[in-house]
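Residue numbers (the numbering used here), protein chains in the order written: chain A, 54 to 340; chain B, 54 to 340; chain C, 54 to 340; chain D, 54 to 340.
Just so you know, these hints were derived from the structure itself, not from any lab.
Intra- or inter-copy, both count: the list cannot distinguish identical chains.
Below are the DSS-like pairs computed for lysine-lysine, each with C-alpha atoms no more than 27 Å apart in a straight line:
(1) Lys321 - Lys307
(2) Lys340 - Lys261
(3) Lys307 - Lys58
(4) Lys187 - Lys151
This one's a predicted model, so the numbers in the text were calculated from it and none came from an experiment.
4 protein chains.
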Amino acid sequence: MIPTKAILLLSCTDTLGVVSRISHFIFERGGNIIDLDQHVDQEEHRFFMRVEWSLESFSIPASDLHEAFTPLAKEFKADWKIELNGKKKTKVAIFVSKYSHCMIDLLWRKEAGEIDCEFPVIISNHPDLEHIAKNHQIPFELIPVNKENKAEQEKKEVELLKKHKIDLVVLARYMQILSESFTAEFPNQIINIHHSFLPAFIGGNPYKQAQDRGVKIIGATSHYATKDLDEGPIIQQDVTGVSHRDSLNDLVCKGRDLERIVLSRAVKLHLEHRILVYGKKTIVFEK
Amino acid sequence: MIPTKAILLLSCTDTLGVVSRISHFIFERGGNIIDLDQHVDQEEHRFFMRVEWSLESFSIPASDLHEAFTPLAKEFKADWKIELNGKKKTKVAIFVSKYSHCMIDLLWRKEAGEIDCEFPVIISNHPDLEHIAKNHQIPFELIPVNKENKAEQEKKEVELLKKHKIDLVVLARYMQILSESFTAEFPNQIINIHHSFLPAFIGGNPYKQAQDRGVKIIGATSHYATKDLDEGPIIQQDVTGVSHRDSLNDLVCKGRDLERIVLSRAVKLHLEHRILVYGKKTIVFEK
Amino acid sequence: MIPTKAILLLSCTDTLGVVSRISHFIFERGGNIIDLDQHVDQEEHRFFMRVEWSLESFSIPASDLHEAFTPLAKEFKADWKIELNGKKKTKVAIFVSKYSHCMIDLLWRKEAGEIDCEFPVIISNHPDLEHIAKNHQIPFELIPVNKENKAEQEKKEVELLKKHKIDLVVLARYMQILSESFTAEFPNQIINIHHSFLPAFIGGNPYKQAQDRGVKIIGATSHYATKDLDEGPIIQQDVTGVSHRDSLNDLVCKGRDLERIVLSRAVKLHLEHRILVYGKKTIVFEK
Amino acid sequence: MIPTKAILLLSCTDTLGVVSRISHFIFERGGNIIDLDQHVDQEEHRFFMRVEWSLESFSIPASDLHEAFTPLAKEFKADWKIELNGKKKTKVAIFVSKYSHCMIDLLWRKEAGEIDCEFPVIISNHPDLEHIAKNHQIPFELIPVNKENKAEQEKKEVELLKKHKIDLVVLARYMQILSESFTAEFPNQIINIHHSFLPAFIGGNPYKQAQDRGVKIIGATSHYATKDLDEGPIIQQDVTGVSHRDSLNDLVCKGRDLERIVLSRAVKLHLEHRILVYGKKTIVFEK
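In isolation and in its complexed conformation, chain A is listed as follows:
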């Protein structure tokens, strides 16, 4: 498929003329800007931009775009990437354990056309959800993990991800902590859902922690996974009210409705190249 749109994600030190020079680059080649969003971090003097333009009347082939833009990017000493829609779909691996809600939500959104990607493989440390993968004709790889075999099994997982040329890993309530070497292999390419409004209730059993503290609001947080558990850059959060009437099970049920939506939103934002990670934080150019 021939790409019809290009998306540039860029950050650099804030200087005069970045918007002008980049929009001119697009304009003089016949590109029509569909969406441009930018942000200046006044404290860090850092400039961030996302620009999406139509390649319909673009004067150079999409395949030459990267090379053509390089000199300008160098001038601004920018961190940048250009994504072309339609070149190939992003390949997403879902990791699950026993809870199905996040996975079902992702699968349904793909089928409904809400998110645009491929799911070449589902990896799980438990066999429970295999039938759902089967119903959706997606290979299901069972890789049980325990303390003894963890390093070895992670190696298998990484091999599988490489074999399937995976671009993004989604931890859809995957109940294993990934090792530092695993996360280092996929920087800003692993999205996790944590079932609390981080940084409250880091670690295990956040709903129990929430109940014990007597909070009146619970939440869920999607973030990029890094070596520091539950400390990665936050992408999306949402919350809902609770009361003394809610049992632990009620919190779990209410939380599930947050988790699947907060995770799916993060995946969609990532797939649409709307997220820039800077330090421990994200710039999310939401629609």
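Please build the complex by placing chains B, C and D on the supplied structure of chain A, with the hints as guidance.
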């Protein structure tokens, strides 16, 4: 005070190069873009933009800016305006009747530095809130209105607004319907708060209507006032949950918390030149 | 299965001693109240109550409960019913057309144990979702409807519902309007989801209506279906923010997340006997 | 003023017949229950109840009520209290420093009839808000606090509170930490507002902490003050969305809208005797 920032609000038919040409206009005169937001209405093929830039190293005086930009604007057949901060504060007239919450909220936000404007006059058809105006050293003009004297009293109001060089009228739960000739005098310069989530419950006593219908959510809507009552372009809306336990008075109380916040937010957005009206709708370039 | 809990739903004219007499009725038979919620409509002088108690040490058999309570209910001239858990599961028929999200959500919640019911049949006027019914081993009945055959097809539907002894019909984005005779057959036993925050945007294509009006919030409403389209007693509502950036398709996507949650919540409340209909409104004894 | 309503707040070990016995106590004396809410903590086997009834046709004088109920309360070994409306208004002392928004909100709500209490005194460690106290004719006591004089100044504060017979202390963004001896003097009678969604961002400068962590939601929490800073029983929480565009000052402004509402709601719930503290948590019988 010498302006330090300029804000351009512009809309035109969507064509190639608008962003490029305008950002170049700013760049070649030494302006540093602080914030740029744009939107293309794909159905209407209409382009909307708000761009804010620093005049610190700008090569032409702020007073020449309007003239300098005119040729470019003409080329794009744009609707546009340029606002300069610091030239003069926007002069806002508050209209009230008996409810104080919206007015108190606006006055407090000005004093807290949240909104940047002047309140040269408060106009009311009832004497009840005069003491609050007094506490804030703002002239309070009592202009009682009834069916017989309405036209005449509106004339007085318009004269007062002109005398005080008012730029914006805020109807802070003002319980009189303005005539068509009044609203025509101040196009997109009158902000009203309606105590329902429009278009539900148009007209009088929306909380009673809400209770009778048994809704589980009530809301408030700020909008520009036009000749068509409760039909003007919506700026902001917010809602809150209610239940069978809420009496009519409870709805009124819950609603007040929405009204003041939804009205103040709209006023702030207007004062920061973040709203473009197009047809019956608004483009709100929120921060 | 032997019932372990009883739930009484009752409404009557507000008089002295209702709570006392009813709680005494339960106490003197050894019942332990698990949950009691009541409400007095001060304007209508009407009393509403839901009380749930354990039958563990109850001195009379569950099967005699209805008869035992009748004299007291008569004394208060009450509208009432007693539900016994475990006696039999509520039988729910899902009606769908082409959109799958609400149906998938209901099926998933049943499997996750969030709602307690049986789905003996799925009825649709389109064949599109048959595979999903199949994956869940639920009979799928295709009953296409057009202007000519409507009365006849509805008759078939009612026969199917009777055959399966259906207690509750859930219109999970079923795109046909039910006739008055159909709704009359199942009073307060048909739950519909309307894709707007009623009473705004009654009728067809509410998302288009919302976009045309330029609202900043969209919603969804679950309600009991009555002969008056979109006028039935509201059970649940929820909303989400939108902006000028949202295309019609974006509104539809955002709306789907509301629809499935608002519909499922209503079904759960109905299944747990937490809803009392009074006139055109509901008393919802939420947990 | 003769009391027209009584409110019983009670907790005890969960046993058979509590609701029945208590509602019978009220019924046999001619009391009409206006509102009854109860809760059983299934894990702790603890029963909680709030019941409000009309004294209009009550057969014993309000002044004898406490004595009359004592035997029944003893039987259940209950923690309990009975409040009579109209006997005297709750006396509330507001503590402030430099931020006015929470105080203004409380004062306005009293004047609007939303909360029912007296404000006999406002205490502050800074002189900044004296003019507001004056406008509302409330004595303003300036008690500057520093490390050296803290113990001594707290003593003065406690004396003032005793002199004014204060029932409730509201820390309306009071920027001093109260000593353990101070909080011990007023158990469950000091309500504080913390400007984060606790337990996230305990301690100083929570908005800066929130910005540094890159959260997408900020919140506010009202709670009873105990010797453990920011660890007291939570009464109310609310949140709002933020993004990378929000400067620290934007967070502070958005937070203020949460703080005043979350604090005022807690004060209202306390004044209406809707809060039961149990361990480190609250049971809030919301309307």
